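S.K.: The primary structure of each chain is shown beneath.
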Amino acid sequence: METAQDHIRNFCIIAHIDHGKSTLADRILEMTGLLTEREMQDQVLDNMDLERERGITIKSQAVRTVYKAKNGEEYIFNLIDTPGHVDFNYEVSRSLAACDGAVLVVDASQGVEAQTLANVYLAMDHDLDVFPVLNKIDLPSADPDRVAREIEDVIGIEALDAPRISAKAGLGIDQVLETIVEKIPAPGGSSEASLKCLIFDSLYDPYKGVIVFMRVFDGTMRPGDRIRFMANGTEEEVVEVGYFGAGRFIPCDELSAGMVGYFTASIKDVRETRVGDTVTSAADPCDEALPGYKKVNPMVYCGVYPADTRDYPNLRDALEKLQLNDASLTFEPETSLALGFGFRCGFLGLLHLDIVTERLEREYDLELVTTAPGVVYRVYKTDGEMIELTNPSNLPEPSEIEYMEEPVVSAEIMVSTEYLGAIIKLCQERRGVQTGMEYIEETRVLLKYDLPLNEIIYDFFDALKSRSRGYASFDYEMKGYVKSELVKLDILINKEYVDALSFIVFKGSAYERGSKMCERLKGEIPRHLFEIPIQAAVGGKVIARETVKAVRKDVLAKCYGGDITRKKKLLEKQKEGKKKMRQIGSVEVPKEAFLSVLRLDEE
Amino acid sequence: MKSRSDAGDISVYVHIPFCVRKCLYCDFNSFAASEEVRGRYVSALLQEIDESGSIMAGRDIVSVYIGGGTPSLLDEAAIASILDSISRASDISGAAEITVEMNPGTVTPDKIRGYVRAGVNRASIGLQSASDKELRALGRIHVMEDFLRSYDIVKEAGIGNVNVDIMTGIPCQTEASLIKTIDSVTALYPEHISAYSLIIEEGTPFYDMGEDRLCLPGEEKTYRLYKLTQEYLSDKGYDRYEISNYARRSGARDYRCRHNLRYWERREYAGFGISAASFVGGRRYTNTSDISSYLEAPGAEHAEDRSIDEKSGMEEFMYLGLREIRGVSEEDFLNAFGRNIWDIYGEVIERHTSQGLMSCENGRIALSDRGIDVSNMVLSEYLLHSS
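Chains D and R, in that order, give the protein sequences. If you're matching positions, the first sequence starts at 612 in the working numbering and goes up one per residue. If you're matching positions, the second sequence starts at 5 in the working numbering and goes up one per residue.
Bound-form chain R, shown alone (with noise of 0.2 Å):
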């Protein structure tokens, strides 16, 4: 199970599921735990990582992402912990990227200064909304006020690299309440942002209530959002380099999210935690999303397990890649898979260039404007038949 890989290097994400109250849109696993619980799952997954060690041993780790649930509920001994852990493993390469997820009203000076003692040298803050109200509407647990605080105490820390999480399609939202979260934020000129819909997943209380009852904006109004997500983002100098990632444009550094570009780009990472995903050696697996029996025997139980076979993979080189703005290159597809991406995919390639939704330019093919607004209907005819 876990040979020995030298197959370059590699990026490690982590899960801590805690929040202090789960949001109503949330599907995802997390939960309110108490403190006794929050120190065995700690415990657990240190096991898990120091078991684990040989995927990393040998590999320069590139990118370490810390994310929940609300990470930034642990302590700053804890998050030291784990990411002595990982370096035990392996080297964490001096670049490396080392981001915490944090919540306002989570975090402290105290506890953020720790964070960077241990390493952290990123963060990314969920706000969501400017607005209260929406706030509200959302069940998160904090006001503009505090996440305000909260910017201020991690970039007083040191960490000078952060991204905010906001959200189009919040029940009320107005095009004016988007522009004034908008406007708040850009004026703190992070180095990244990421604007997210809301999507009403089943099993959450918003899928409980029905969408009549939650006042969404309707379909228009959700796209003209959207639109003037991205509209307005790019006057006040962000470069949107994934569909739904933002980047300060910046002459001397890359603040694009290195961790999340592997995602795209099919590189290794490893995954600890309960629900956490992994790719490495050309296994895709998950954790046990289960808290008890991944507290009994951390790492041990997978959810899901299957390797990438050639077929899979060129699927996922096409829907992840083409998530990017740049697209995917001819030449990478023909290096990964030994074959030309025209023998294989030309048919509806030029299908949806015809259809407006693709461009090939120097031996790129991206999706255009169109094609990025429907993404999912686009990047769904890049899997290939059964058989």
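Chain D with its partners taken away, still in its complex shape (with noise of 0.2 Å):
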């Protein structure tokens, strides 16, 4: 496996969502013979269900390929595949850190979206080489021309000699692998100086631990090696080294600079091995870590409960297990009065958080009830402490809160000039302070705005799509804090105060949240043998109310000759179904209305 370091190409893909990426990869694999046609599972980076389900990579992932090019020599491609989802910002960034070069996959129908621009940006920081394609070619409405244009004047990237390809059809792959070889700079560093990796992902393995995967920029990392973490100072022993197989681990001896692989070393938690950091050799340690690194925190977070009590300890390691493999998960004990024993969970985003629920569910066959997501609130209390709020529950008194600060995302929306009056007054809606509005070309604006993280984690992105016919692309970072008005919005059913159901809301947006709460709760609480009021109040005070009406009549069915079962199964089901909600007081809750929070927007 002798190749020179300068037969190594270490590359990504990055387009905005459904420009094609993940085909584009499949297609490098399928040419380079990787794979035959056969072989491939669909797209065979995307292996997760869900991920393929939803269209979106979740985890990064990489793989190495053997390019016999034109000229007749052999080159090794790495290919590393990013998470395509603002969530995962930070492993996308940890991801073209150990890339030389990029792809930019652009549609050329579509062109230049807000995606596109975010992961052209990210990849620039990380002084990547990046090469346009121009993909779809063969519709109808491809104009490959003006798309070449406006990736030069919006990018400012060469584009008219662009590749123009259909990676579906696999028409175009070839000039793809020639650009590749010739746009794309060869890794630098040296195999002598000290070792000096960076994590880019992590998996955990029952058999062999974690498998970490790096990219090796200076020296060689063997099996018997010891290495340390530079994050944290722990130390390990190298037990196996290798690279990137279609789907499989492939064993070698040595890693040296250049290379993209893995290696594994009896590590039990994936939290010992975080993304971004680097690893050196415990006896000859380079002398400084590699840029970049960062703790990720949790954005967003919610309270998970099992759906039946019992459950709890089942949940518990089901939240472990996954937890194993998603370091950036975070959990802990919490009691809710209306739900139980459950876990108050952190995400990085909304995305994330749908993730990690529909995986419990589905692969630890576990029916949950979650409480509505919330930002990470910073409360400032008049004795000076400063507490960082997850669980609206724990909010201090107001007499003992001098102020409240939220968190705010800069955000950039592309959108046509057809929609802009529409997403402008969006955003208005949203509370967000515009910071910039450009023309990209005669019809499509780019729009900035700073916004509240928690007025777009829900269902901003829903509103911005059906507000623009689908011709509003969005992309954001994290910006920081800001002060604000905030206030905790309690919901009362029957007179009783329902933790599980309060959330912070800006004040001036609190009479409307709680009327749209009130009347969501109403449409969700079946009717009981007695009225049921449903309150939202904000400190003490009621601001809006609806009432559940009370059951007037069963319906009498015949008791057909004295099929006694079947009478039974009546009352069964109608126990049954009483049996998924959560008992509050003396009325019965299905778990769906504790989300009701979420679809506040819908109309």
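Just so you know, the hints here were simulated from the structure itself, not pulled from any lab data. Please read all numbers here as calculations on a predicted model, not as lab measurements. You may find that some hints are simply not true.
Only pairs whose alpha carbons sit at most 30 Å apart, straight line, appear in this in silico DSS-like list of lysine-lysine [said to hold, decoys possible]:
| id | chain 1 | residue 1 | chain 2 | residue 2 |
| --- | --- | --- | --- | --- |
| 1 | D | Lys1164 | R | Lys159 |
| 2 | D | Lys1179 | R | Lys26 |
| 3 | R | Lys26 | R | Lys137 |
| 4 | D | Lys1189 | R | Lys315 |
| 5 | R | Lys225 | D | Lys1133 |
| 6 | D | Lys1164 | R | Lys225 |
| 7 | R | Lys315 | D | Lys1164 |
| 8 | R | Lys231 | R | Lys315 |
Ranges between beta-carbon positions, derived for each pair [said to hold, decoys possible]:
| id | chain 1 | residue 1 | chain 2 | residue 2 | range |
| --- | --- | --- | --- | --- | --- |
| 9 | R | Lys225 | D | Glu1142 | 14 to 24 Å |
| 10 | D | Lys1191 | R | Leu192 | 39 to 49 Å |
| 11 | D | Lys992 | R | Ser358 | 39 to 49 Å |
| 12 | R | Asp373 | D | Glu1142 | 13 to 23 Å |
Where a beta carbon is used, it is the ideal one built from N, C-alpha and C, also for glycine.
Relying on the hints, combine the two individually framed chains into one complex.
M.R.: Right under this line is the structure:
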């Protein structure tokens, strides 16, 4: 496996969602002979079921393939696939840091989108050489000349000679391969220097322990080497090194400067192998770590409870198992008066939350009740203390609060002029502050807004799509915290305060949110034998109310021929329906109700 | 399997699955069939009854109920042969209540006289509504006129105990049409009236049509129709003794349906025919619903079969017994299970009493009017937790 460093190409493919990133990756693997068509199970790199269903990449993946170029020489291609969602921005940035160049895929009819820009800027921040590829040229609506000009105007990279391809139809892939050899620089670094590797992902394997995905920048790593994780100083002994085959790990003797691969070291916890950390030699450490490491903190929190309280230990086990592979998932036990024992879980974003809860339900067969997700607020107390609030129930008394801050993001929205008004209105409704507006072409505008995170985590993306008929794209990054007028909105069902339904809201939106919440809950809570008032309150003062009317009567079925079993089944069904609900005082509340707050903006 | 039981008296249910045509709301095991299939079915029934004789042997048969479907499609000879085979197994008590369900349009004077000769002494006639429009909406085969004629035939044949089924919640039903139905029925002064609500069951044409297209009376209206039935029947001299059953108030005779009461009071009964349910020797089992497997081996295949343990027994005691307006007796519970009803159900009874759904008086626990209105919700709470 001797390949000179100058015959290695480490690259990634970046694109706006649905512009064809994964299809191009598959074609590259197919054309370089790593996979025959028959072996391909659709998109090889997205290998979680969920990823395939949602058409997005959640975990970073890497694969090595060998390309025989037209000059007759063989090149090692390390293709690193990056997660495709803003929730995983930090992982994306670390995967990019492991590359030397990037292939930018742009849909030849849709042109530059918000994620295209965000990804390109991110790649440029990491000093990657970016070259564009115009995809989907076989579509009737394709206009590669226009899009090439757009790329040059907007991004400022050369695009007129960009390969024009159809990844789906397999057109022009050879051109892309040649361009990779030509335009993406070979890795630098020295195999003789002190070891310096970047961790860009890791995976837990029950037999081998944690499998660490890395890029070697300097030095050489071999089994038996004693290594050090520079962020926390822990040391381990390397058991195995290797590279990435198609869907499997292939061990080798060593990995030296410029290589992308993996190592194992009998590590039991992925949290020890933080993405972005630098691995060096314990005996001969490098002087300083690679730049850019940070510990990612969850941005969104919610309570996760088992629908059946007896499943609490199973939920804990399942969360522990998921955490083996997902260092950014955090959880700690909490208790709710309404929901019993559960966990307050932290996520990188709403998609991450969705994925985790869906995996818990699917892979661990758990039925969950989740409370409304919220962001992390900073509460500055009169006694000088600052607390980071992840559970609305823990908000101190108003008298103890000096002021509060909420997280704000900088967002970039690309929209056609036709829907500009509607999108500006949406941003205003969500308390956005405009920071910029540029015409990309005559008919397309790049809007820049600072938006409170809690205004966008639930349904901003959906609202954006529906108000622009799908013609707006969106990307954002965390900006920081700003002071804000926030209050806790409480919900009372049949006069009982329900902790799991409380949420923090901008003071000016409290009345509207409270009314909608009551309306939603009225729709979710089944009628009982008695009337149930539903109230929204701020600081003990009721601001909205709805009533669930009492049931008038049941239907009376004929009892045919003494078929008691049938009668019993009916009663059991009635009772079973109740079991799936949570008892709040004397009211049975279905688990869906706890997510009502999420859908406040649906019409 | 067929051990001799010496546990007191017993009732018999016989299922006749045939109809002239299936009604649009019916999800019960019934269908149109040729005379030939009907003949084979009756033979199979006779075989099943003969082979199951040991269940009834030595026990007083206190009621026989031939239900359907439309049992009155069978001729007098068939009914006589069924009753004969039952009495071969054991004595049908002289005072036994022997009911046949009949649908208007399927009875003739000769046939019913034949039924009476065979021992039938009670008829249950499915009217549902006195409005021909509503009958058509339900997909019934008859009109009001047919009912009146059938009723006369039954009475003239000497059947002195007649039930009439009526229904609320029929598509397009109004208060006026319901009053007309009740007036027309009570004018005949039958001994017994059953009043059920229309339920849209899965697998019926009504279900497939979708509730929106059926023009069903809304919830408030259904409630008014139901309350109206109750009050109106009471005015006309009928006592409600069970959730959906009314008996004519009469000094001398008790016209409550003895056979049905046995279901609510957990007394034993043997069921014959497809889909027929039995409760014998602490077991509840139901025959196959498949006509061809039944014809092949009558009574051999059970779609369901389970023994009723003490927990299920107590549950049944409550959710069946509470269907009776007079409710359940604390003493009966103690005798049946050797446990005090309050030890088992005290918490839920107290809650229901405080919610006005129940009352406890003189050792009896009964649903209130409000409790009856919402009986499914109330009764479901008498199911005990598993484990």
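S.K.: Of the numbered hints stated earlier in the document, which are not met by this structure?
M.R.: 1, 8
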